[in-house]
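From first to last, the protein sequence lines are chains A and B. The first sequence: position 2 = 2 (this note's numbering), numbered continuously. The second sequence: position 228 = 228 (this note's numbering), numbered continuously.
A portion of the hints provided could be inaccurate.
Since the list gives no way to pick one copy over another, a pair counts as held whenever it fits inside one copy or between any two copies.
Stated by the list, open to error - Cross-link-like lysine-lysine pairs, in silico, DSSO-like; alpha carbons within 30 Å at most: (1) K91 / K127; (2) K116 / K127; (3) K305 / K189; (4) K32 / K265; (5) K265 / K242; (6) K127 / K17; (7) K305 / K40; (8) K60 / K127; (9) K32 / K91; (10) K283 / K17; (11) K32 / K60; (12) K283 / K127; (13) K277 / K17; (14) K265 / K220.
For the record, the hints were derived by calculation from the structure and aren't laboratory data.
2 protein chains.
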Amino acid sequence: MHNPTELQKIIEQAIPKLAYPAQPANLYEPIKYIMSLGGKRIRPVMVLMAAELFTDEVTKALDVALAIETFHNFTLVHDDIMDNAPLRRGKQTVHEKWGVNNAILSGDVMMVESNKHLSKVDVNVLKPVLDTFNQTAQGVCEGQQLDMEFETRDDVSIEEYLEMIRLKTAVLLGGAMKLGAIVGGADDKNAALLYEFGENLGVAFQLQDDILDVYGDPEKFGKQVGGDIIANKKTFLHLNAKALINAEETDILLGEHENTSNKVKAVTLLYNNYGIKELANTKMEQYLAKAYQALDDLVIAENRKTNLRELAQQIMVRES
Amino acid sequence: MHNPTELQKIIEQAIPKLAYPAQPANLYEPIKYIMSLGGKRIRPVMVLMAAELFTDEVTKALDVALAIETFHNFTLVHDDIMDNAPLRRGKQTVHEKWGVNNAILSGDVMMVESNKHLSKVDVNVLKPVLDTFNQTAQGVCEGQQLDMEFETRDDVSIEEYLEMIRLKTAVLLGGAMKLGAIVGGADDKNAALLYEFGENLGVAFQLQDDILDVYGDPEKFGKQVGGDIIANKKTFLHLNAKALINAEETDILLGEHENTSNKVKAVTLLYNNYGIKELANTKMEQYLAKAYQALDDLVIAENRKTNLRELAQQIMVRES
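Based on the sequences and whatever the hints tell you, model everything.
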């Protein structure tokens, strides 16, 4: 078995070897560009890791891992258009560099590339692989749609928010685990448990991201601390606070401040007063517990589960 | 065997029965909307027709036919964004009605829906079906990319133009025929010949469209006669004329006229003087001949080929 770092290396070595047609260059260059921007390759590593629980031939799962990573990057290209984002991992987004139309079309062809990778799996698992992938892809699109709609809605409930992050972020982690399990040769029960592990870990991860936006160490957190507060983003913290606070405090939460730093301070104080961080931590721990429960229930030798626990810990790095 | 009209009816009856999730409504309503706008359903009819050459159970090919029609409509949604088109079949385009971001995402999920339809075919043909579909989808994306790039290029050659329309329009007709053949149970040789038939018919169809833009009967042609001339579109006629005319005539071809009707008249006169219509007709007939040759070479009973000949004639309706 390979440890997470070794699996990441397998992915990093495979990506530059992916062959795309030379022409039309402007269709394929953006794919090479976005795929080379890096990131932790968590999703394809999850595919390989899940497969390796059931087979020693981890390369059997490489095509599916590349399909998942290509699909994930496709969603980044299209999401960045929709969010009008100038930067991705510190570099120009595809639509900034090549224009919106080109970015739409390169994204489209990335979806085709994902499906080409998938179609290479053993024909005896092709149908369940396709079904799992398509269900995953559909969920991710639904999550992005809900996320966009929430921006202009004032009545988003906490349950709706949890469902949105489940779809937008977590089903892809669940799908990655399940796909790896299927190509590795898992039975239906183990494949379903690995899906549960990935999905619950995904929701926990997103809740952690919501918490770190407010309480993260600016040195360690990759984004601007307080960015969600400044943007009035409807995070788990925001929605919980909104449900508890009075009218005056609502003005603080939703109002615009000339000094954004003062707004971050004021809203953080509000969160502190209402124990919002603890609420979010509790919810996050619930999802994590469900993820670990799925691991416990997994019918494989205990010593094979070490990598998955290590991965979960890597993903859920706590700020003290 | 069913005639083309009966096959079209099978498609028209199947489309309203397609079930999409109720939520998020704004993700799925655009799919129902664009799929219900009609059209001649040529591509899914081609799938069924090709299948019926080899099987009496035409419904075996229905999922693939719906995959092709869904994919085609996905390309319309995204192409209309890129072309900034306000209308499609006389109705608002999806991005006009729901906004660009929504249209991008609904298009994306249509691609997933296409793949879901595909995954329902018999597992013994699943792999060749996926390979053919993915190759087709990739070609269509490449064609759209070239079409966009040609708008700002001054050095497009006639060969490049033919390759662009082959990719953008013709490979989907070829792919539809081949997919139908595969699910119907054709051998590789017949499937390849049906691809040839569809692709060559597709190029001939696009060349006819170029000709009709200038020489079509305004009563019968669905679009504004002379539209390509006014837009300086690099059609087969435009590119052939450009290669033959002198500098003064080039000003007529490429210049802007205050009176668009005068420009159409002047460029048509130019085309007439250089026999451009005949050039285009000759090229179109060459592709048609290749399409019919593929039909002749098809190893099935001659009386089963009648429907395909009828379809080709329906598509290639001549203006006298």
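Hint check results:
1. K91 / K127: neither (38 Å within a copy, 38 Å between copies)
2. K116 / K127: Result: close both inside a copy and across copies, 14 Å intra and 10 Å inter.
3. K305 / K189: Classified as within: same-chain Cα gap 16 Å, cross-chain 50 Å, threshold 30 Å.
4. K32 / K265: Answer is neither; intra-copy 41 Å and inter-copy 47 Å both fail.
5. K265 / K242: Classified as within; 16 Å inside a copy, 67 Å across copies.
6. K127 / K17: both (27 Å within a copy, 24 Å between copies)
7. K305 / K40: within (21 Å within a copy, 56 Å between copies)
8. K60 / K127: This pair counts as both: shortest intra-copy Cα distance 16 Å, inter-copy 17 Å.
9. K32 / K91: Only inside one copy: K32 and K91 sit 14 Å apart there, 38 Å across copies, limit 30 Å.
10. K283 / K17: Answer is neither: 41 Å inside a copy and 41 Å across each miss the 30 Å cutoff.
11. K32 / K60: Within one copy only: 23 Å inside a chain, 38 Å across chains, cut-off 30 Å.
12. K283 / K127: neither (36 Å within a copy, 43 Å between copies)
13. K277 / K17: neither (44 Å within a copy, 48 Å between copies)
14. K265 / K220: The answer is within: 19 Å in one copy meets 30 Å, while 68 Å across copies does not.
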